[in-house]
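Novice: The lines below spell out each chain.
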Amino acid sequence: MQARKKYVLLGLCACCWLVLFYWGGGVQLRLLRLLTRQRGEVVRPWPNWTDRAFLPRYAHLDELQTDPGTAESPRQRRQAWSAIYKDSRCRMETCFDFSRCRRRGREGFRVYIYPSEKNDHVSESYRKILTSIAESRYYTSDPREACLFVLGIDTLDRDQLSGQFVPNVDERIRGYPLWNDGRNHLIFNLYSGTWPNYTEDLGFNIGQAILAKASLNTEHFRPGFDVSIPLFSKDHPQKGGERGWLVRNTIPPRRKYLLMFKGKRYLTGIGSDTRNALHHIHNGKDIVSLTTCRHGKDWEKHKDARCDHDNLEYERFDYQELLHNSTFCLVPRGRRLGSFRFLESLQAACIPVLLSNGWELPFSDVIQWNQAVIEGDERLLLQVPSTVRAVGNERVLALRQRTQMLWEAYFSSVDKIVLTTLEIIKDRVFSHISRNKYMWNSLPGGLLVLPEYSTHLAHFPFYYLGLGISPGQEFTAVIHAVSPLVSQSQPIMKLLQVVSKSKYCSQPGPDNIRLYIARFTVVFLSQTTSRFLPHVAIETEAVLSLDEDTVLLTSEVNFAFLVWRSFPERIVGYPPRSHFWDPLKRAWGYTSKWTNDYSIILTGAAFYHRYYHYLFSHYLPQSLRTLVDRTSNCEDILMNFLVSAVTHLPPIKVAQRKQYKELPSPQGTKSVPWANPEHFNQRQECVNTFANWFGYMPLVHSQFRLDPVLFKDQVSVLRKKYKDLERA
Amino acid sequence: MYPSGKYSSRGPALIPRMKTKHRIYYITLFSVVLLGLIATGMFQFWPHSIESTADWTLDKRSVHDAPLVRLPVSSPIPERGDLSCRMHTCFDVYRCGYNPKNRIKVYIYPLQRFVDDLGVPISSTGLSREYNDLLSAISDSDFYTDDVTRACLFIPSIDVLNQNSLRIRETAQALAMLPRWDKGMNHLLFNMLPGGPPDYNTALDVPRDRALLAGGGFSTWTYRQGYDVSIPVYSPLSADVELPERQPGPRRYFILSSQTAIHREYRAELERLKEENGEALLLLDKCSNLSQGAASARKRCYKGQVYDYPQILQESSFCVVLRGARLGQAALSDVLQAGCVPVILADSYILPFSEVLDWKRASVVIPEEKLSEMYTILKSIPHRQVEEMQRQARWFWEAYFSSMKAIGLTTLQIINDRIYPYAARTYEQWNNPPVVKWSSVNSPLFLPLIPPRAPGFTAVVLTYDRVESLFRVITEISKVPSLAKLLVVWNNQNKSPPEESLWPKIGVPLKVVRTKENKLSNRFFPYDEIETEAVLAIDDDIIMLTSDELQFGYEVWREFPDRLVGYPGRLHLWDHEMGKWKYESEWTNEVSMVLTGAAFYHKYFNYLYTYKMPGDIKNWVDAHMNCEDIAMNFLVANITGKAPIKVTPRKKFKCPECTAIDGLSLDQTHMVERSECINKFASVFGTMPLKVVEHRADPVLYKDDFPEKLKSFPNIGSL
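Quick note, the sequences are listed as chains U and C, same order.
Per the UniProt record's numbering, the first sequence starts with residue 1, numbered consecutively.
Per the UniProt record's numbering, the second sequence starts with residue 1, numbered consecutively.
Watch out, some of these pointers could steer you wrong.
[Said to hold, decoys possible] Subject to a maximum C-alpha distance of 30 angstroms in a straight line, what follows is the list of computed BS3-like cross-link-like pairs (lysine-lysine):
hint, chain 1, residue 1, chain 2, residue 2
1, U, K720, C, K582
2, U, K721, C, K711
3, U, K712, C, K691
4, C, K580, U, K501
5, C, K703, U, K503
6, U, K723, C, K274
7, U, K712, C, K519
8, C, K703, U, K723
9, C, K582, C, K642
10, C, K651, U, K723
11, C, K511, U, K720
12, U, K720, C, K437
Hints in this document: simulated from the structure, not taken from any laboratory.
Pulled out of the complex, with its shape left as it was, chain U reads as follows:
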């Protein structure tokens, strides 16, 4: 009996267990989980519901396709919008008058600057901004054709305590007949608000004007409307600007210090939360974070126990030295969100570690900052050391190079900052002819990529590698002819034969070529720069630019073209020239002597990408092109300046059978311009004028020449592909 009971009991137990096992899985599981983990709530991944196939759709297809629609007319809605979305809710579509940008049926982006009044004091920085606009290709002096207006009143410093503060702005701008509640106006500002709150209010009503402001807060930033600009000092150069400090990529890419900061410590007030904590991460070894209390008039009043010790330590290190020798640089907020040190560390290739919550980074619309800086969080200051330590060598290498790329593309001069601002606005106005993010974020940067030329990446010489494609297999020869065609024995006829024999030349037959000359001669007679016009007939990526009296061989052309395909962003050609710095004259010199290096390739015989035609005609200012046309000289030097400014690299010289133009001209009658000393002096001057416009000397020297692999080697001629090049 006992046993039976036991059996029954056991059987029951087993049954219970089974029941539990089969149907009470959840309970059992929960029970087991409860046993294993004391803490935590009910834990389980998302179940595979048995009836998941029967769950309803989130919306019926009809509901998705047959939009409910509204009775309201879209046109009316758009009008209503501009009434609702004003001021702090401005967007391009509600606060910007697009019709102003397409006057006379032509689309044009023109910027007008209000004349400044006599007694106006304009700060150095604002003067530079205005100069940049006035010298840009978008400037107009006629307000009727303007799309964008810039005030003559200095609005950079809106700190009421500052000496640069301009009072009564409100009243004055209301007096402007074109003000129109700020529509299509662009207002520049670097500082706003004052002690103690440093609000972002400018002290006057900007209405519907676009704000280009430093230290913008994401909260006040009107996305797609305002432009955040970097804070720059009054010493920031107008043009050109210093290059970044990175001259070589050392491996491992670490510098003496890992992370550095040297700056003020705020004991009270806005921004003090972060600044007051920075000393915590200082370890005196690889992390140097130095703060001083010694700033402001009454610092000693607020001074605390740390101050004296900190001040001593502070003096021990030199800021510039730290900039050079640190891998990462802390860029914490000051009283305002942005600070000078952002641009300083960017230039110094010291990767900025941002501690400035809510800062809308400069040109954030277009620049991918996470590829160049470490965006920290003020709340996580103490995590910063471990975060930067965890950044791998490869990433440091990439971040560092990226800082340099951005610095040189957008920040190194006031010109670049202002132009970037204008280009961003222009891209918004003509959104279907605008740059994509890739153009903005890869070399050579957005300012040198003109979307009017094309919006297709493959049409530019810079992106072949990044897109995994290679340049086209054909070229177009553009011959610059000035003398009338009278006989079949002219050098140009020989040249035409030679070039058209090249298998890479894209013109189909000799008939066609004749047609081309006819057209080109007419066009080119007028002006020297017109040889670089982006003519529609140039359909290939490669252009072979020739003078009518150039003497070339087909194999020379073929070889040079193959070399160009390896270096599509550079000029590849034959006759080299060089520039040098003349310390006596304190000016640039130009030489055509045979030297061991060169920096210019004459465009009388050179390959380059057709995009440079477009850049030459649309990017360079009218003044330089006029100079070239007036003197009928220097167009080749200007082209070399342009290409080197874009690539930062020298042109490439390739092997040539004979020295270009060293032979007397066959006719012998025509005066040879380059024999003329006047001609030479002009070229000297040109070099200096161009360097002046660029703001620096973009030309770079090179010491090598590219020859065919077996060039002049003592091997059988039969082996050689380019044997013609070696014939005397």
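Starting from the structure of chain U, add chain C where the hints point.
Specialist: The following block gives chain C in isolation, referenced to the frame of chain U:
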């Protein structure tokens, strides 16, 4: 343990009634049961099997089994979303913390069925199939955690994808009831159809405190940049209809409009465009004479002619996506799937995932006002660009639109990138379709720099025991002006290097590194002793290179710091007969490799060779004691996409003493082995990265008729 359970349950019935035996049976039975229990327990507790356990225990559960929660009328309602919320104000980063994997942890609330006081559910649909797919995908992903205390982001299981099916107030109350709601901090809601009649707000109307919103159809006024995520409106059609990828190219129609509920003002505008441009445009509308139901969603009509939707989208280059009452349209997804370039006319619309996706490369956005100019604008786009856009559109759909899983995980990745910005995915990773990712290169040394001459280069000489030859090499190299340091890698473990006093006296520091193993890869190790960027790898028997030749090589390297700059060049060729690659050492007109017996390169490539060489190439080279130079050429060409630079006429390394070595080089077996190397490496790299060029670098005045005295590099050597 499943069968054991069964067995134990049947056990008692089979046991005979014998007192002596039943004790044994009893014990056996008991132990079987016990074992079964233990086994079950083991299985349950075993960490790896938790999920599978859950599968078979929870599989049997229906959505209707989810616990019912009654909402009291007076339960609190969250505040309306705060428009000023940003990650640094409304998001608690401390929950995410520092994390070596840089990955956020996401918790999903268990499903509950919320009903109001009267027992009416808060939503007419409850959990939808799409939201269930989304949550399952997240719970299967790396982001998921079941530990609520470790979670950084919380996802409610309350389905708010479609606002139409929701009772706003009650849904809000249900959200506030969630145990970890805490003012919506770190909570993420997914919504695709926001707003309701008559004004159709562009963001979900449910009050939600500080919760993040992944919404389809944001306008610039409701979208909190850097906080919310703009997501697509999922089109269920994409799951039902398979549209094979079409090759990009011109299609039958230029512009297609397939939406059915277009405002009459816009339709009039489109009609006008059609009149002007004729056949290039196709304007479709709802079919009036078809029976209602699912079929009507799959058909479109034009003047009585019936077209299949969405198949017809594949017949057009551009497809119009106009806004309706809502900004976000499911049609966008269909259009992308068809590889048709969307022409988006929806002012102020925040495009899906616009934080990371570059829509300018996949779509055309035209202001509504300019609808009449659409044709002209689209015609101005180059053909090749249209093709690229078609490809890009299709890729966006595949990667980010095609399923709820894609949408959900993309959203989480975007939030992840914000929290760990230093580990964020790059523009290329987000935007390049696989075919471009595969063929493009992003060189790690992308900045165009010509490093200064002054730091010079470090010569690294790999040697085994040829001391005499080594000393000659050292003496020769020391004459090169830009030499900064000499590093001898002593690869012989059995023999010590000669005493210090025996080494040649040279003007630069000389260091000897002893290696642990005799491996070829030791020559490419990034030794700390190498302090310059430029490295000259040189064999211990290369004495024929002149000082001018070496100095010139260094100067050329400065202009190409991202390439291999070497002397004798080699070539790879495709052998048509054998159908494989062949190594060529003949003196040809082309070059695709340079020998590293003497070559300049950036120290970074040492680092890459040692730590990032793909596959087993490094070990293979060490095992075969050959082809390290070919491997280096492959590595550099693969990562930079550029050819090496051969300098000077030098064709071979020959020296009086080492004819034997040269003989070996010419040896047939040696050539066969090197050909094999090329084939092996090409298969490991998955492609042939080597680039063939026909040029070499010579000094500017090389062999020119010019006084030798005035040339920088007069003694450039011979073959």
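Novice: Is the Cα-Cα distance between K720 (chain U) and K437 (chain C) 30 angstroms or less?
Specialist: violated, 38 angstroms
Novice: Sort out whether K723 (chain U) lies within 30 angstroms of K651 (chain C), counting only the CA atoms.
Specialist: This hinted pair holds, its Cα atoms lying about 18 angstroms apart.
Novice: Need the status of pair K712 (chain U), K519 (chain C): alpha-carbon distance at most 30 angstroms?
Specialist: violated, 39 angstroms
Novice: Has the given pair, K721 (chain U) with K711 (chain C), been kept, meaning a C-alpha gap of at most 30 angstroms?
Specialist: holds, 28 angstroms
Novice: What's the verdict on K580 (chain C) and K501 (chain U), does the C-alpha distance respect the 30 angstroms limit or exceed it?
Specialist: violated, 34 angstroms
Novice: With a cut-off of 30 angstroms on the C-alpha distance, tell me whether K723 (chain U) and K274 (chain C) pass.
Specialist: At roughly 61 angstroms apart (the allowed maximum being 30 angstroms), K274 (chain C) and K723 (chain U) break the hint.
Novice: Between K712 (chain U) and K691 (chain C), does the CA-CA distance stay at or below 30 angstroms?
Specialist: holds, 24 angstroms
Novice: Within 30 angstroms, alpha carbon to alpha carbon, are K720 (chain U) and K582 (chain C)?
Specialist: Judged against 30 angstroms, a Cα distance of about 21 angstroms means the pair holds.
Novice: Compare the distance between the alpha carbons of K511 (chain C) and K720 (chain U) with 30 angstroms, and conclude whether the hinted pair is satisfied.
Specialist: At roughly 44 angstroms apart (the allowed maximum being 30 angstroms), K720 (chain U) and K511 (chain C) break the hint.
Novice: For the pair supplied as a hint, K582 (chain C) and K642 (chain C), confirm whether the alpha-carbon distance does not exceed 30 angstroms.
Specialist: holds, 20 angstroms
Novice: Measure nothing beyond the straight line between the CA atoms of K703 (chain C) and K503 (chain U); if it is 30 angstroms or shorter, mark the hint as holding.
Specialist: The given pair, whose Cα atoms are some 28 angstroms apart, holds under the 30 angstroms limit.
Novice: Quickly compare the C-alpha distance for K703 (chain C) and K723 (chain U) to 30 angstroms and report which way the hint goes.
Specialist: holds, 15 angstroms
This entry does not satisfy hints 4, 6, 7, 11, 12, going by the numbered hints stated previously.
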